[in-house]
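J.: Okay, here's what each chain looks like letter by letter:
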Amino acid sequence: MNKYFTLLLLLSFLNIFGQKASGEITYKVTRTFVDMGLNADVTATNQKINQQLFKIFFNKSYSNFTIVEQMADENVDGFYNILAKIIVSNYDYYYDYSNNKLLELDRDGTLLEQELQILPWLITTDTKIIDKYQCYKATYTFEYLARDQKIKERTATAWFAPSLPYPYGPKNYFGLPGLILELNENDITFLVSKIEFSDVEIEIKLPKQKRIEKASFEKKLKNR
Amino acid sequence: MKKFIFSAVAMMAFVGSSMANTSDIKKILTDDPKFFECFDKAIAYADQNDPEGLWSDAVANAVHQQFMSDCLKEVEKPKTKQLMQVSQ
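Going down the list, the protein sequences come from chains Y and H.
If you number the first sequence the way the numbering used here does, the last residue is 224 and the count never jumps.
If you number the second sequence the way the numbering used here does, the last residue is 88 and the count never jumps.
Quick caveat, the hints were computed from the structure, so don't treat them as lab data.
Just so you know, not all the hints are guaranteed correct.
[Stated by the list, open to error] Think about it this way: if two alpha-carbon atoms lie no more than 25 Å apart in a straight line, the pair counts; the simulated DSS-like pairs of lysine-lysine are:
# : chain 1 : residue 1 : chain 2 : residue 2
1 : Y       : K85       : H       : K41
2 : Y       : K137      : Y       : K220
3 : Y       : K101      : Y       : K220
4 : H       : K73       : Y       : K85
5 : Y       : K55       : Y       : K208
6 : Y       : K194      : Y       : K60
7 : Y       : K210      : Y       : K220
8 : H       : K41       : Y       : K150
9 : Y       : K128      : Y       : K55
Just chain H, with the same shape it has in the complex (with noise of 0.2 Å):
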């Protein structure tokens, strides 16, 4: 399920308009500043690393997850608990 919610939220946030998008995800999944910096971090590295657009979905997807879990170790599990549960 954690990995499903940050998939899509890869998702959304890859689309054209994200900004907009995302301010709406932070407001509704969680108020944790550390999973919005570790958010703006793997954006970030997916534009700096592939700055032509050639990765694919699934890679960029897969990146994203990867760069989130290992950033987002050392958020409390209460809080990613609450992070599940709003968004379903």
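For reference, chain Y alone in the conformation it holds in the complex (with noise of 0.2 Å):
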């Protein structure tokens, strides 16, 4: 089924249902890692990971992923702010629903842009409460380039409320029939700590910077 109208499809499903105008959630992150204790910088970055809290903010057109900028220090602290940004979420993303776009905004303002594509997720029958909220468990498997250069799959797992029926969740991880509540990527879970609906739309604002087509900056960024 062409992608498009399986989006089209969705978002149609999902509205038929009456949500709610806009929406705001929360979410607070840990890391799974065990830190031996052996490199200061490695425990003080675990420790800003752990205090970090990201947002969904959605209207009925967009909705933004970004990090709760919290109050530190701006020399050793900031320094270990950068660095958990860095390893959690390196971007703010928008999704531009009336346009099909899904925009990346990296902390150096560079700001690329892809088509909004569906993710192909494997939905399973593995359930559990979260938050009052029956979940169920859905994984998505793909290919990054690792570290050390060689072609690796990395499975993000997500547990979704169906009850909830909007599409979002954190990052770039989109598409179940249902808010992610709890999402696993690597040794970072991010888990929903707050859920608050209006129904006075909440505004959105799209960046302004240039868009860069997302494909071809990663070429030239291998080809360099």
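Hints are included, so try docking the two chains, each in its own frame, into the full complex.
T.: Written as structure tokens, this is what we have:
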């Protein structure tokens, strides 16, 4: 089935159930990392990772996944905050549903654009309760270039709640028939801590920087 | 340009036979011991923070760049220029 038709069908399906105009979803981050205490930089960075909060803001046209900036000392703490951000999520994500676009805004202001695509999630019958919501497990497996220059496979695991008919999730994990309440990626876990809906539309402004097509940008990086 | 150089160095360092390549890089780029003190710390940070090699290349490069950038704040500007010129 054409991917755009699938996306349209999904969004239409969700609209039938009278979604709220807007919402704000908060996630806490934890890292399941066995820190042997051998490197003070690693320990400090992990402390910052486990303090991170992220939010998804959404309305009927857009959604935005972004870190909640927290006050920190600009010297040593600032440095570890930055490393923590890179490790967990180096981008702010903006979804433009009207134009079928996904924008990724890097910390340095680079704005990458790509077509919004439904990810090939594998939905299972595994269930668990998260924050009183019945959740189902879904996985998404993809390839990536690892730091040892080898192509590796990674599987992200999401727990989504069909009773919350919103296709949103942390980072670029999108398109399940329910809000993702928990996402596991590598040793990082995003877990929902707060869900707020509103009948009043929240304003979301897309970044104004020049957009760079993501595939060509990654090709240039690879060939440099 | 500085970001590009650091990324290129990071990329080469993460390839398997990194020790020999790192030595070559040291001879070519700079004699500043502070640079390599930071470089070695950045490599050690990556190895200890990501022992299973789960980081993507993009994350690894970004971490390395940020680590080097912060660590090298004390490097004198004239030596940094020399680094860039030698590498071009």
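J.: Each hint should be assessed against the structure and marked as holding or not.
T.: So, going through the hints one by one against the coordinates:
no., hint, in the structure
1, K85(Y) <-> K41(H), "holds, 19 Å"
2, K137(Y) <-> K220(Y), "violated, 36 Å"
3, K101(Y) <-> K220(Y), "holds, 21 Å"
4, K73(H) <-> K85(Y), "holds, 20 Å"
5, K55(Y) <-> K208(Y), "holds, 20 Å"
6, K194(Y) <-> K60(Y), "holds, 20 Å"
7, K210(Y) <-> K220(Y), "holds, 17 Å"
8, K41(H) <-> K150(Y), "holds, 23 Å"
9, K128(Y) <-> K55(Y), "holds, 23 Å"
Figure legend: structure checked against the earlier numbered hints; the only hint not met is number 2.
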